[in-house]
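Chain by chain, the residues run as shown.
2 protein chains.
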Amino acid sequence: MKRYAYFISDGTGITAETLGNALLAQFDKIQFTRVTLPYIDSPEKANAAVAKINEAAKESGAPAILFDTIIDKSIRSIIDTADAFKVDIFETFLSPLEQELSVESSYSVGKSHSSANSASYLHRIDAINFALDNDDGARTRHYEDADVILVGVSRSGKTPTCLYLAMQFGIKAANYPLTEEDMMELSLPESLRKHRHKLFGLTIDPERLSAIRTERKANSRYASLKQCYHEVDEVEMLYERENIPFISTTDKSIEEISTRILQTTGLKRSQS
Amino acid sequence: MKRYAYFISDGTGITAETLGNALLAQFDKIQFTRVTLPYIDSPEKANAAVAKINEAAKESGAPAILFDTIIDKSIRSIIDTADAFKVDIFETFLSPLEQELSVESSYSVGKSHSSANSASYLHRIDAINFALDNDDGARTRHYEDADVILVGVSRSGKTPTCLYLAMQFGIKAANYPLTEEDMMELSLPESLRKHRHKLFGLTIDPERLSAIRTERKANSRYASLKQCYHEVDEVEMLYERENIPFISTTDKSIEEISTRILQTTGLKRSQS
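Chains as they are written, first to last, in this note's numbering: chain A, 75 to 346; chain B, 75 to 346.
Hints are computed from structural coordinates only; laboratory data are not their basis. All values derive from a computational prediction rather than experimental measurement. It is possible that part of the hints are untrue.
Given that identical chains are not distinguished, each listed pair holds provided it fits within a single copy or across any two copies.
When the alpha-carbon atoms are kept at most 25 Å apart in a straight line, the in silico DSS-like pairs for lysine-lysine are as follows [stated by the list, open to error]: (1) K76 x K126; (2) K132 x K103; (3) K342 x K119; (4) K342 x K291; (5) K291 x K268; (6) K147 x K103; (7) K300 x K147; (8) K342 x K126; (9) K300 x K268; (10) K300 x K132; (11) K132 x K342; (12) K268 x K126; (13) K147 x K119; (14) K126 x K291; (15) K76 x K342; (16) K342 x K268; (17) K103 x K342.
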């Protein structure tokens, strides 16, 4: 069975997509064709959106599912005329919240993803630059400023996780690739030892690691199963010996790895 | 006035945070203390969460606002006992959706951010690696594979935007810094000319640019107002002359810049 799902917003559409996709994930028997219509901020655009939605309903033989986060009431009333099943996120929750909080909501458009000058936004951008500047052990002299330093073997997921921690949570994450030499030593490299309370280890199933490395360098010693087993063994022994908290990234998304790191370290998510 | 806001989930908590923050942004007169409790997946953890929430209510003298995306009914029923105003995202919308779609939801935990082996997740990770490998004009030989190539002067926002496009939407975005030489030439560099239909320009207010560059290199020619005015003038002339679509990044978040780029280019968001 096929249905259209529309995400409609007067802003970026990201909130409508996030909630909508979380809800649609609960209905995996149905194939949804997803369409996002951002910046619907005038009656003209709203009417054009309604025309599109009605066409989709006709084509698929069923009303579209519509997730919207439009604030403006006159635009909302146009969208309401579409042949669709509406999941009206703001309308459903804003009035009860107004009552509970005893204040009126500001009903301002696109608040959630447009505060480009807020302290927390600038903090996130700083954190992204920090992750880029301190990627892959390139520099260690800024470890003083890091909130967390991820360690692990090459291709265990350090870089994407650092970027996600920065982008989503405003956390300054550096990363340092543990080499065979580091692991054979009886102590951590000096640059890491000084900040050992900030270290967090990643590990990964050796077969998965070998598959990932093969995509980069097929038929190399680097990608061989034997080498991957060896490195993962060594790195896990190092974590145990040095008492470094660690998790396996196998089968985990960067969202999951990142939130598990926050949970273990007690690092705070940046407030928006 | 101060209130506690709790985001509670049996998964990462990211969906609850995104929706909750979008709603709370409408109440800017109230100072919310935000707390996320992810991975609440056992009665023990749920009881501990309730204790925390009740303590917060006592401390602030008002019930906490609680955004939750817990699927399991027995855990949900424990959370229900907390002294809080509940915004029950899934409960509110899942039953009506089940009726509309004539299927039962799968009620499975943490669907939205844990599908680490899905095609769309792997696609996002590929896109992140692509953005890193093709940052700052480092390489141009992979432009064949790019979905979009951002151009602009140094520090106009290209890199964070490329990373966001990759992470959120699975879009392969390269970027190329336009230098003074490029701008003085009467035609685009060969590596860009071949892919001109993929080019998208960023521009920025010269005073803002100067402020950003000053943070990196104070008192340099690079950061001087005069130089910034000159470069921005030149780059905007280049966009006009070469018919490259462009937007200003001044006062825009990477979320806004990215969704505007999608809107202008017609690039599709990756489906989850």
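Comparing the hints with the structure gives:
1. K76 x K126: Close inside one copy (17 Å), not across copies (43 Å); limit 25 Å.
2. K132 x K103: Within one copy, since 21 Å is at most 25 Å while 44 Å is not.
3. K342 x K119: Answer is between; shortest inter-copy Cα gap is 19 Å, intra-copy 40 Å.
4. K342 x K291: neither (38 Å within a copy, 30 Å between copies)
5. K291 x K268: Answer is neither: 34 Å inside a copy and 28 Å across each miss the 25 Å cutoff.
6. K147 x K103: Classified as between; 22 Å across copies, 34 Å inside a copy.
7. K300 x K147: neither (63 Å within a copy, 45 Å between copies)
8. K342 x K126: Classified as between: cross-chain Cα gap 16 Å, same-chain 42 Å, threshold 25 Å.
9. K300 x K268: neither (32 Å within a copy, 43 Å between copies)
10. K300 x K132: neither (57 Å within a copy, 57 Å between copies)
11. K132 x K342: This pair counts as between: shortest inter-copy Cα distance 22 Å, intra-copy 48 Å.
12. K268 x K126: Classified as neither: same-chain Cα gap 59 Å, cross-chain 35 Å, threshold 25 Å.
13. K147 x K119: within (14 Å within a copy, 41 Å between copies)
14. K126 x K291: For K126 and K291, the Cα distance exceeds 25 Å both inside one copy (46 Å) and across copies (50 Å).
15. K76 x K342: between (41 Å within a copy, 19 Å between copies)
16. K342 x K268: within (22 Å within a copy, 46 Å between copies)
17. K103 x K342: Answer is between; shortest inter-copy Cα gap is 23 Å, intra-copy 37 Å.
Checked against the numbered hints given earlier, the structure breaks hints 4, 5, 7, 9, 10, 12, 14 and satisfies all the rest.
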